[in-house]
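Asks: Each chain, letter by letter, is given below.
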Amino acid sequence: MTDRYFLLVLLSGVKQVIDLGGAKLRNRFMSASGCFGYGKEFAKVMDLNTLGAIVVKGLSLKPWPGNKGVRVAETPAGMLNAIGLENPGVDYFIDHYLPFLKAKDIPIVVNIVGHSLDEYIQVARRLEKTGVEALELNISCPNVKEGGIAFGTSPTKAFSVVKAVREQSTLPLWVKLSPNVTDIVEIACAVKDAGADALTLINTLTGMVIDITTGKPLLGNVTGGLSGPAIRPIAIRMVYQVATKVDLPIIGVGGISSLSDALEFFMAGASAVQVGAALFRDPLLLERLPKELEDYLKQRQLSIEEVIGLARRSV
Amino acid sequence: MTDRYFLLVLLSGVKQVIDLGGAKLRNRFMSASGCFGYGKEFAKVMDLNTLGAIVVKGLSLKPWPGNKGVRVAETPAGMLNAIGLENPGVDYFIDHYLPFLKAKDIPIVVNIVGHSLDEYIQVARRLEKTGVEALELNISCPNVKEGGIAFGTSPTKAFSVVKAVREQSTLPLWVKLSPNVTDIVEIACAVKDAGADALTLINTLTGMVIDITTGKPLLGNVTGGLSGPAIRPIAIRMVYQVATKVDLPIIGVGGISSLSDALEFFMAGASAVQVGAALFRDPLLLERLPKELEDYLKQRQLSIEEVIGLARRSV
Amino acid sequence: MNEYLLPVIEHKEIAPDIFSLYLKGNLKNYEPGQFVQVEVSESLEPFLRRPISICEIDKKGIRLVYRTKGRGTKLLANKLASRDQNNYGKTYLRIFGPLGHGFPIIGNKATLIGGGIGVPPLLGLAKKMWQQGMKITALLGFNTKENAILIDEFKNYAEVLIATLDGSLGHRGLVTELITDNATPVYACGPEALLRALERFNLTGYYSLERRMACGIGVCLGCNITVLTKDKKELRQRVCYDGPVFPLGFVKWGEAGD
Amino acid sequence: MNEYLLPVIEHKEIAPDIFSLYLKGNLKNYEPGQFVQVEVSESLEPFLRRPISICEIDKKGIRLVYRTKGRGTKLLANKLASRDQNNYGKTYLRIFGPLGHGFPIIGNKATLIGGGIGVPPLLGLAKKMWQQGMKITALLGFNTKENAILIDEFKNYAEVLIATLDGSLGHRGLVTELITDNATPVYACGPEALLRALERFNLTGYYSLERRMACGIGVCLGCNITVLTKDKKELRQRVCYDGPVFPLGFVKWGEAGD
Ligand SMILES: Cc1cc2nc3c(=O)[nH]c(=O)nc-3n(C[C@H](O)[C@H](O)[C@H](O)COP(=O)(O)OP(=O)(O)OC[C@H]3O[C@@H](n4cnc5c(N)ncnc54)[C@H](O)[C@@H]3O)c2cc1C
Ligand SMILES: Cc1cc2nc3c(=O)[nH]c(=O)nc-3n(C[C@H](O)[C@H](O)[C@H](O)COP(=O)(O)OP(=O)(O)OC[C@H]3O[C@@H](n4cnc5c(N)ncnc54)[C@H](O)[C@@H]3O)c2cc1C
Ligand SMILES: Cc1cc2nc3c(=O)[nH]c(=O)nc-3n(C[C@H](O)[C@H](O)[C@H](O)COP(=O)(O)O)c2cc1C
Ligand SMILES: Cc1cc2nc3c(=O)[nH]c(=O)nc-3n(C[C@H](O)[C@H](O)[C@H](O)COP(=O)(O)O)c2cc1C
Ligand code: FES
Ligand code: FES
Numbered sequence: 001m002t003d004r005y006f007l008l009v010l011l012s013g014v015k016q017v018i019d020l021g022g023a024k025l026r027n028r029f030m031s032a033s034g035c036f037g038y039g040k041e042f043a044k045v046m047d048l049n050t051l052g053a054i055v056v057k058g059l060s061l062k063p064w065p066g067n068k069g070v071r072v073a074e075t076p077a078g079m080l081n082a083i084g085l086e087n088p089g090v091d092y093f094i095d096h097y098l099p100f101l102k103a104k105d106i107p108i109v110v111n112i113v114g115h116s117l118d119e120y121i122q123v124a125r126r127l128e129k130t131g132v133e134a135l136e137l138n139i140s141c142p143n144v145k146e147g148g149i150a151f152g153t154s155p156t157k158a159f160s161v162v163k164a165v166r167e168q169s170t171l172p173l174w175v176k177l178s179p180n181v182t183d184i185v186e187i188a189c190a191v192k193d194a195g196a197d198a199l200t201l202i203n204t205l206t207g208m209v210i211d212i213t214t215g216k217p218l219l220g221n222v223t224g225g226l227s228g229p230a231i232r233p234i235a236i237r238m239v240y241q242v243a244t245k246v247d248l249p250i251i252g253v254g255g256i257s258s259l260s261d262a263l264e265f266f267m268a269g270a271s272a273v274q275v276g277a278a279l280f281r282d283p284l285l286l287e288r289l290p291k292e293l294e295d296y297l298k299q300r301q302l303s304i305e306e307v308i309g310l311a312r313r314s315v
Numbered sequence: 001m002t003d004r005y006f007l008l009v010l011l012s013g014v015k016q017v018i019d020l021g022g023a024k025l026r027n028r029f030m031s032a033s034g035c036f037g038y039g040k041e042f043a044k045v046m047d048l049n050t051l052g053a054i055v056v057k058g059l060s061l062k063p064w065p066g067n068k069g070v071r072v073a074e075t076p077a078g079m080l081n082a083i084g085l086e087n088p089g090v091d092y093f094i095d096h097y098l099p100f101l102k103a104k105d106i107p108i109v110v111n112i113v114g115h116s117l118d119e120y121i122q123v124a125r126r127l128e129k130t131g132v133e134a135l136e137l138n139i140s141c142p143n144v145k146e147g148g149i150a151f152g153t154s155p156t157k158a159f160s161v162v163k164a165v166r167e168q169s170t171l172p173l174w175v176k177l178s179p180n181v182t183d184i185v186e187i188a189c190a191v192k193d194a195g196a197d198a199l200t201l202i203n204t205l206t207g208m209v210i211d212i213t214t215g216k217p218l219l220g221n222v223t224g225g226l227s228g229p230a231i232r233p234i235a236i237r238m239v240y241q242v243a244t245k246v247d248l249p250i251i252g253v254g255g256i257s258s259l260s261d262a263l264e265f266f267m268a269g270a271s272a273v274q275v276g277a278a279l280f281r282d283p284l285l286l287e288r289l290p291k292e293l294e295d296y297l298k299q300r301q302l303s304i305e306e307v308i309g310l311a312r313r314s315v
Numbered sequence: 001m002n003e004y005l006l007p008v009i010e011h012k013e014i015a016p017d018i019f020s021l022y023l024k025g026n027l028k029n030y031e032p033g034q035f036v037q038v039e040v041s042e043s044l045e046p047f048l049r050r051p052i053s054i055c056e057i058d059k060k061g062i063r064l065v066y067r068t069k070g071r072g073t074k075l076l077a078n079k080l081a082s083r084d085q086n087n088y089g090k091t092y093l094r095i096f097g098p099l100g101h102g103f104p105i106i107g108n109k110a111t112l113i114g115g116g117i118g119v120p121p122l123l124g125l126a127k128k129m130w131q132q133g134m135k136i137t138a139l140l141g142f143n144t145k146e147n148a149i150l151i152d153e154f155k156n157y158a159e160v161l162i163a164t165l166d167g168s169l170g171h172r173g174l175v176t177e178l179i180t181d182n183a184t185p186v187y188a189c190g191p192e193a194l195l196r197a198l199e200r201f202n203l204t205g206y207y208s209l210e211r212r213m214a215c216g217i218g219v220c221l222g223c224n225i226t227v228l229t230k231d232k233k234e235l236r237q238r239v240c241y242d243g244p245v246f247p248l249g250f251v252k253w254g255e256a257g258d
Numbered sequence: 001m002n003e004y005l006l007p008v009i010e011h012k013e014i015a016p017d018i019f020s021l022y023l024k025g026n027l028k029n030y031e032p033g034q035f036v037q038v039e040v041s042e043s044l045e046p047f048l049r050r051p052i053s054i055c056e057i058d059k060k061g062i063r064l065v066y067r068t069k070g071r072g073t074k075l076l077a078n079k080l081a082s083r084d085q086n087n088y089g090k091t092y093l094r095i096f097g098p099l100g101h102g103f104p105i106i107g108n109k110a111t112l113i114g115g116g117i118g119v120p121p122l123l124g125l126a127k128k129m130w131q132q133g134m135k136i137t138a139l140l141g142f143n144t145k146e147n148a149i150l151i152d153e154f155k156n157y158a159e160v161l162i163a164t165l166d167g168s169l170g171h172r173g174l175v176t177e178l179i180t181d182n183a184t185p186v187y188a189c190g191p192e193a194l195l196r197a198l199e200r201f202n203l204t205g206y207y208s209l210e211r212r213m214a215c216g217i218g219v220c221l222g223c224n225i226t227v228l229t230k231d232k233k234e235l236r237q238r239v240c241y242d243g244p245v246f247p248l249g250f251v252k253w254g255e256a257g258d
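Chains as they are written, first to last, in the numbering used here: chain X, 1 to 315; chain A, 1 to 315; chain Y, 1 to 258; chain H, 1 to 258.
Hints are computed from structural coordinates only; laboratory data are not their basis.
Be a bit skeptical, because a hint or two may be false.
To be verified - List of simulated lysine-lysine pairs, DSS-like, C-alpha gap at most 25 angstroms:
1) H:K155 / A:K291
2) X:K40 / X:K102
3) H:K74 / X:K68
4) H:K79 / Y:K90
5) A:K62 / X:K216
6) A:K62 / Y:K90
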């Protein structure tokens with residue numbers, strides 16, 4: 001049956017449609033925010049239409065200059081980044097990048113950031129009726145009004161920002177959680193109660209590297225976000241824990257560098273995945289993955305639904 | 001001056017003495033608990049007397065069988081363990097391992113675990129007047145009485161267990177913190193207020209691996225503790241944050257596999273370091289490190305005091 | 001046990017995905033059945049060493065026979081295969097060992113029972129027993145003729161009987177079907193199913209176990225199993241340090257397997 | 001730009017810790033000054049690729065000249081050095097490129113100014129300029145004679161002047177001391193100190209920058225710098241994508257350096 005389904009899809013030329021919290025994806029593989037720019041550069045590297053959706057770099061209300069000094073550092077099987085959410089602002093995105101992406105005919109998910117509750121709301125409003133497929137709320141950034149503590153590390157703050165955006169936006173709302181918390185399930189529950197349609201797990205872990213030749217922190221910002229294969233076991237654990245306790249679709253992200261890695265996320269309970277840092281090592285990875293998954297499923301006569309959450313059902 | 005000091009030490013044959021929260025160490029390199037057993041096996045591999053101190057595998061009141069199923073899994077630049085604190089109990093240790101270690105004439109630090117507040121106290125009491133140099137309280141294990149939540153993830157619980165042991169023990173008290181928390185500084189402060197003499201940072205991060213060939217979690221215990229180079233950026237960040245805010249000596253641990261890695265910890269503010277998982281890859285590592293540090297300092301005409309905390313002073 | 005950095009002097013694919021590797025050198029106090037921890041990569045990923053049994057040690061050097069199962073062994077095989085065969089002395093491999101306890105040799109006859117990649121460590125055992133003048137029967141089981149390894153070498157020391165699942169070589173069926181009434185003492189190495197099957201026969205002897213390992217030297221407790229003593233008491237044992245060889249029949253199965 | 005898996009056909013240490021590497025193949029649309037992202041290890045540690053300039057492309061293949069600075073380049077050099085020279089075709093290297101924008105060639109004369117490991121990318125530029133019949137002066141600076149590289153090759157295309165810090169070859173002192181009044185336009189590559197020093201002369205031309213990079217293709221913003229436009233407005237630019245070559249004098253220094 002699975003085979004016949006694939007055959008039909010192939011023959012009909014119809015693109016698969018996957019529902020993820022109200023957003024429609026082409027397949028289950030997306031770029032991770034911040035690792036794919038706004039798509040223009042990658043359009044020269046790969047066929048963007050092989051993506052399930054493109055998730056763009058986080059956008060704030062006004063252009064944001066980001067951090068000074070060194071911004072990326074290699075770490076064992078991973079990297080730190082301290083870009084500091086540099087971006088040209090949501091209006092610039094709408095004017096300069098969105099038309100290009102819309103011409104491409106792929107679902108567009110916009111990652112949004114805010115340094116206050118109000119900023120989140122305004123960015124979300126700007127994106128109403130622009131043709132984007134979903135919003136992905138990055139709640140890992142510091143709330144400048146409340147002393148720089150991230151919205152995503154407190155259940156009540158997370159609840160308030162998600163609820164506020166939920167009330168002001170008609171778009172499917174994905175919320176991307178920070179792993180730098182004692183209890184990810186607690187945050188996930190708060191976010192669900194506030195009206196999120198899906199959860200993206202995980203953002204980067206806070207880390208640091210010291211340049212022993214100078215004795216100084218290597219990154220201009222002192223600390224940065226850890227990503228890449230090194231963090232995958234933590235991401236898998238969080239996806240598994242949240243999938244077990246919270247009834248929302250999950251988008252898994254953190255350290256995927258091959259189909260096997262993606263399968264771990266599906267088996268842990270993710271309905272779709274994003275690929276970030278591994279693209280810097282292997283720029284064509286996202287072009288290969290959808291096909292590799294299809295082949296894997298065909299060979300084993302499996303449907304993806306049987307794979308999603310398998311590890312939870314088999315314990 | 002530094003050179004002369006080393007010369008004097010070398011000529012006199014007197015062992016260096018380093019004070020770490022009241023405990024006296026021979027140098028600044030120790031085994032990490034759980035990665036060196038109780039010393040007997042490593043005595044066949046290396047000269048134990050090259051260690052600054054030996055930190056033994058966590059001990060509970062009664063023998064503990066640990067977890068079933070697969071207990072170790074490789075991860076990118078690291079590993080997971082789900083040993084489950086298997087140990088023969090503190091009395092067995094005192095009778096069977098301690099005499100051997102005491103004959104070796106190296107400072108002995110005993111890592112202790114408890115599944116209730118009372119168990120911690122009793123283990124600590126058993127170790128009074130046995131000749132051990134310090135206790136290292138592992139507060140990352142689940143509090144079975146209170147539903148399995150780790151003592152180390154709540155400031156109030158951490159405070160209570162440290163205070164209770166502090167009142168019942170005359171030994172220098174190191175407390176080993178869990179990194180699976182939103183705010184490590186908050187926990188560190190609570191632990192200091194409760195009377196800790198030093199902090200060991202960090203224990204493992206909770207992670208998980210799924211065996212995609214079976215679709216099941218690979219570890220019998222489902223989740224395990226992530227260690228090795230992969231977690232070093234997180235450990236460095238936490239040492240740096242705590243050293244900046246809390247006035248207690250810090251023992252750094254997490255992903256050290258070379259002198260450069262250890263130097264990062266010293267520069268972040270650690271006064272001593274422990275080596276864990278890297279010993280499984282490089283069993284002679286701890287024998288080399290003290291000498292390598294000496295050479296490094298001599299070459300640069302530096303004292304270790306100038307190195308400790310350097311990254312904090314230079315920002 | 002010790003750390004060695006040894007030149008690779010031979011690396012051959014002796015069956016699909018099975019490689020025979022010779023390192024120049026010798027290991028002090030080697031007993032057949034012991035293993036070494038092999039560093040598969042200079043870089044920190046793969047992170048852990050791989051436990052590989054010592055197949056034999058002779059004048060040429062230390063021989064390991066390994067199967068490329070997952071990422072680590074595949075990287076190792078690729079690295080070694082990309083070297084020029086005539087120039088191997090330039091490539092070094094880091095090993096730590098010998099580790100664990102080998103097979104205790106008792107009496108004047110023995111039956112060696114090996115399955116698949118469990119066959120190699122028995123070769124060194126066969127040679128040592130032969131040197132001691134023992135009468136040895138080797139029962140070797142493989143999936144197919146194509147996967148069969150080391151048969152000619154075993155013939156130097158033992159009477160060899162082969163079983164393959166598909167009958168393409170020797171007896172068609174399981175290697176256990178070759179076991180005779182007077183097989184005791186047996187020395188076995190192979191997949192868990194084979195070892196467990198042996199317990200259903202009326203045999204005494206030894207078997208060698210495999211468990212996932214981190215340290216390989218007895219300190220991490222990653223490889224612990226429960227063993228039943230003769231008076232039926234349960235005892236925790238480390239496969240890497242107290243084993244990998246245990247007396248046949250005393251392992252409590254099913255609690256720490258993959 | 002594209003992903004290539006190319007056979008290594010030559011790997012030589014041309015000065016202490018500096019290696020010349022030839023890969024069999026060609027890169028479509030290469031401009032001198034562009035670079036490639038090199039995978040230094042099959043394993044996930046080191047994790048990132050290393051940006052290395054294209055030194056030249058000729059019939060033999062693609063030439064990279066690199067210095068072993070840290071862990072990644074050292075692992076790469078060790079790997080390649082352990083291969084038999086006569087058998088290189090078996091070893092492959094993965095590169096992605098060509099990346100960034102090269103040097104715009106204008107006019108009929110030029111002064112190329114290179115310092116240390118900044119010299120190699122200027123060789124391909126010299127060749128291209130020479131092919132276009134331009135008159136080229138190359139001012140090359142090194143620490144000592146021992147570190148001097150590619151001088152004979154430059155002589156094929158340019159008048160070459162050398163400076164060494166210790167005077168062991170050519171002028172004793174800084175390469176900037178060789179700059180003459182009519183040097184414009186200049187094309188420079190080398191340490192930041194050299195590039196900044198050039199701004200104190202009355203020169204126009206281009207310089208090539210280095211920044212720590214993750215993606216190398218313009219998506220991570222890891223390598224961003226601020227550039228001043230002609231009307232003194234600040235503009236954010238990615239060294240990997242908008243550069244690495246920028247018009248001399250327009251970089252705002254000191255905010256994103258190491
Ligand atoms: C005492 C002992 C002796 C052995 N002798 C041999 C031998 O002579 N020849 C041989 O081919 N194999 C032998 N093995 C099995 C061999 O260790 C594994 O096949 C190998 O570790 C798999 O590594 P990988 O890189 O291929 O797989 P990966 O999947 O990359 O391994 C990931 C991790 O799991 C561990 N692992 C995976 N499978 C096994 C397994 N079956 N047993 C133990 N650890 C495993 C690895 O060591 C590594 O830590 C022995 C195992 C033990 C315990
Ligand atoms: C556009 C460009 C072109 C270059 N061309 C050449 C060349 O032709 N020949 C050559 O020898 N070198 C060149 N470099 C510098 C080269 O990229 C670094 O020396 C190299 O990345 C260092 O890696 P490592 O493994 O030796 O050091 P590690 O310390 O292991 O590197 C760790 C991380 O830091 C980065 N890094 C460290 N130092 C530098 C640096 N100076 N510049 C950029 N990234 C750095 C590495 O890329 C890596 O991500 C170029 C750099 C850039 C940006
Ligand atoms: C350079 C870089 C920039 C990033 N920028 C953003 C961002 O703007 N918004 C966001 O939500 N996540 C951002 N992330 C986090 C990634 O989207 C992803 O959650 C994280 O890197 C883990 O996935 P990975 O291991 O596959 O990279 C960024 C990550 C990197 C490496
Ligand atoms: C196999 C294993 C067992 C461990 N057992 C203990 C333990 O009993 N008590 C404890 O406090 N920490 C234990 N740890 C944690 C280590 O002491 C150390 O904090 C951690 O592994 C990080 O350091 P590393 O990256 O150098 O291994 C264990 C770690 C490993 C890998
Ligand atoms: S593998 Fe560590 S105790 Fe056996
Ligand atoms: S390195 Fe990623 S944008 Fe330049």
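Asks: Would you mind marking each hint as holding or not holding in the structure?
Replies: Hint check results:
no.: 1; hint: H:K155 / A:K291; in the structure: violated (49 angstroms)
no.: 2; hint: X:K40 / X:K102; in the structure: holds (12 angstroms)
no.: 3; hint: H:K74 / X:K68; in the structure: violated (29 angstroms)
no.: 4; hint: H:K79 / Y:K90; in the structure: holds (11 angstroms)
no.: 5; hint: A:K62 / X:K216; in the structure: violated (46 angstroms)
no.: 6; hint: A:K62 / Y:K90; in the structure: violated (53 angstroms)
In this structure, the earlier hints numbered 1, 3, 5 and 6 are contradicted, and the remaining ones agree with it.
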